[in-house]
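Colleague: The listed protein sequences correspond, in order, to chains X and Z. For reference, each letter of the first sequence is one residue, going 2 to 427 in the numbering used here. For reference, each letter of the second sequence is one residue, going 115 to 266 in the numbering used here.
Do not rely on the hints blindly, as some may be mistaken.
[To be verified] For lysine-lysine, the following DSSO-like pairs were computed, each having C-alpha atoms within a straight-line distance of at most 30 Å:
| no. | chain 1 | residue 1 | chain 2 | residue 2 |
| --- | --- | --- | --- | --- |
| 1 | Z | K180 | Z | K262 |
| 2 | Z | K262 | Z | K170 |
| 3 | Z | K180 | Z | K168 |
| 4 | Z | K240 | X | K21 |
| 5 | Z | K182 | X | K397 |
| 6 | X | K397 | Z | K247 |
| 7 | Z | K240 | X | K394 |
Don't read these hints as lab results, they were simulated from the structure.
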Amino acid sequence: MDIDKIRKDFPILSRRVRGKPLVYLDNAATSQKPRAVIEALSNFYENTNANVHRGIHTLSEEATALYEEARKKVARFVHAPSPESVIFTRNTTESINLVAHAWGRKFINPGDEILLTGMEHHSNLVPWQILAQEKGAVLKFVEVRPDGTLNLEDLDRNAGPRTKLIAVTHVSNAIGTINPIRRFAQVAKSLGALLLVDAAQSVPHIPVDMRVLGCDFLAFSAHKMMGPTGVGVLIAHEEMLEKMSPFLGGGDMIREVWLEKATWNELPYKFEAGTPNFAGVAAFGAALDYLQGLGMDNVRAHEQELIGYALKSLLQIEGITIYGPMDSAQRSGVVSFNLGTIHPHDLGTVLDEDGIAVRAGHHCCQPLMRRLGINGTTRASVYVYNTKEEIDKFAKSLDRARTLFGVCAPSPTDRPAKPSAKKEGR
Amino acid sequence: MNPGGEVQFTDEIYREVILDHYRSPRHSGEMADPDVFEAGINPLCGDELMLFLKFKGVAIAEIAFKGKGCSISQASASMMTEAVQDLDVFRAEALAREFKDMMLEGRPAESLSAELEDAKSLEGVKRYPVRVKCAVLAWNTLLEALKKRGKI
Numbered sequence: 002m003d004i005d006k007i008r009k010d011f012p013i014l015s016r017r018v019r020g021k022p023l024v025y026l027d028n029a030a031t032s033q034k035p036r037a038v039i040e041a042l043s044n045f046y047e048n049t050n051a052n053v054h055r056g057i058h059t060l061s062e063e064a065t066a067l068y069e070e071a072r073k074k075v076a077r078f079v080h081a082p083s084p085e086s087v088i089f090t091r092n093t094t095e096s097i098n099l100v101a102h103a104w105g106r107k108f109i110n111p112g113d114e115i116l117l118t119g120m121e122h123h124s125n126l127v128p129w130q131i132l133a134q135e136k137g138a139v140l141k142f143v144e145v146r147p148d149g150t151l152n153l154e155d156l157d158r159n160a161g162p163r164t165k166l167i168a169v170t171h172v173s174n175a176i177g178t179i180n181p182i183r184r185f186a187q188v189a190k191s192l193g194a195l196l197l198v199d200a201a202q203s204v205p206h207i208p209v210d211m212r213v214l215g216c217d218f219l220a221f222s223a224h225k226m227m228g229p230t231g232v233g234v235l236i237a238h239e240e241m242l243e244k245m246s247p248f249l250g251g252g253d254m255i256r257e258v259w260l261e262k263a264t265w266n267e268l269p270y271k272f273e274a275g276t277p278n279f280a281g282v283a284a285f286g287a288a289l290d291y292l293q294g295l296g297m298d299n300v301r302a303h304e305q306e307l308i309g310y311a312l313k314s315l316l317q318i319e320g321i322t323i324y325g326p327m328d329s330a331q332r333s334g335v336v337s338f339n340l341g342t343i344h345p346h347d348l349g350t351v352l353d354e355d356g357i358a359v360r361a362g363h364h365c366c367q368p369l370m371r372r373l374g375i376n377g378t379t380r381a382s383v384y385v386y387n388t389k390e391e392i393d394k395f396a397k398s399l400d401r402a403r404t405l406f407g408v409c410a411p412s413p414t415d416r417p418a419k420p421s422a423k424k425e426g427r
Numbered sequence: 115m116n117p118g119g120e121v122q123f124t125d126e127i128y129r130e131v132i133l134d135h136y137r138s139p140r141h142s143g144e145m146a147d148p149d150v151f152e153a154g155i156n157p158l159c160g161d162e163l164m165l166f167l168k169f170k171g172v173a174i175a176e177i178a179f180k181g182k183g184c185s186i187s188q189a190s191a192s193m194m195t196e197a198v199q200d201l202d203v204f205r206a207e208a209l210a211r212e213f214k215d216m217m218l219e220g221r222p223a224e225s226l227s228a229e230l231e232d233a234k235s236l237e238g239v240k241r242y243p244v245r246v247k248c249a250v251l252a253w254n255t256l257l258e259a260l261k262k263r264g265k266i
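Please put together the full structure from these sequences, using the hints given.
Modeller: In structure tokens, the structure reads:
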């Protein structure tokens, strides 16, 4: 893969930030967009714009064709059972909430158990808390070990005959751990439970084949994989989707409506009430083409090499603590760390002064942060367009921060008070 | 600043005076029997501040803080305590409003009172809008504490 050539496809990568060339290492939050996606979006509005599934006119037919073509591309990209099993939502969060409402409210009963993990993003935790409270169901957890991997003994211990659903993230957004989904699928299958995989951080970065994963629900977002914001995906087997209640009620999801009742449209439209983000979906199709062109194996290989390189150079920085597995084969393109007692927001600012974009904070994973005994981390996350030179700049900037703040000092507030020099003698 | 504009040296956020207050905070620590205790928090970034005050008449006789958070929030707290120690509460309140005017209303640092000499250095934080609330936390907490005193 020619990374320099790839970089030229991303207009934003040539801009400067605070006088320095942008080094974008916040890809786990959202990815940058290639020109092909930006042009697909503006082309749509300039040449095709019309509502889908409605008008008997050329523009509407063309818009509908682009929308449905993107659905087929999604299905091919992750080997979904069929295009009809692909539902467009707003984002991964909405996809998971859809399952919690449309499946959970119908099939979860008092005393039923939902098995989660201690490293879930709030979006794969809070919907289940709400459901469990409403239904009197019980949440159980696979805990995180100090090395940032899941304790699979918890999986065997806490999964049982009352387990109705296992919901797990494929890749931790906060620390980059790649979880053994096959193991979860085997346990779910043996218990007759369903498996939901939060794939927001995996589908954009590593080859994902739904048939191999063996999950019942797969959720991810377009914006983390070079597509526009406001498009999410939920995939489930059609038999499952048929059994589920609708999620939102309104236009497009109905077949016939009377004043007192309505019947539901066929799949996948039953779950796509209201005007969807059809322009975004059309541009998402262009993003899938782009990634397909690169090859997801190549994307993963490049990121694994980069993150291995980053781990090696970061480990040489005095006072650094890196979270998550140290083997790059078990880690996505994410490195999450603390540097001495420097607050992640201070690190984020110092890096920004050098044109480097990272994320600082709890990464929507407060329980995981608590488990690791920290308030937050600084997180750098790469994509296919990042380079070793950028990792070098990043490491150099961290070194500057270390010098600036003085790393090995204890937390300032733990030290005895120093009397005010100025006010002495008053 | 314009996107892509050059960084001016004087704009640098982590000026030496800020780092000095961060590394060696003044009036840091808890107070056993304060007249007024006030806690401040920035929920979004988790900065926490506990402020302890003792009064002699209308004068701030003793002030101390204990907190956790980023260097901006902690340095600003140190600067605040140093600025208002021994002042009367009316002057302290006026200074807090001056500081907030600089951070939030565009008042130039040069126009601030002499007591705010160190605190002026936080003006550069304005270039990082999300960090402004870190800088004003201690001063807001002081204003709340002074309000509480009025009710005693």
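Colleague: State for each hint whether it applies.
Modeller: Structure-based check of all given hints:
1. Z:K180 / Z:K262: holds (19 Å)
2. Z:K262 / Z:K170: holds (15 Å)
3. Z:K180 / Z:K168: This hinted pair holds, its Cα atoms lying about 15 Å apart.
4. Z:K240 / X:K21: holds (20 Å)
5. Z:K182 / X:K397: holds (27 Å)
6. X:K397 / Z:K247: holds (28 Å)
7. Z:K240 / X:K394: Judged against 30 Å, a Cα distance of about 26 Å means the pair holds.
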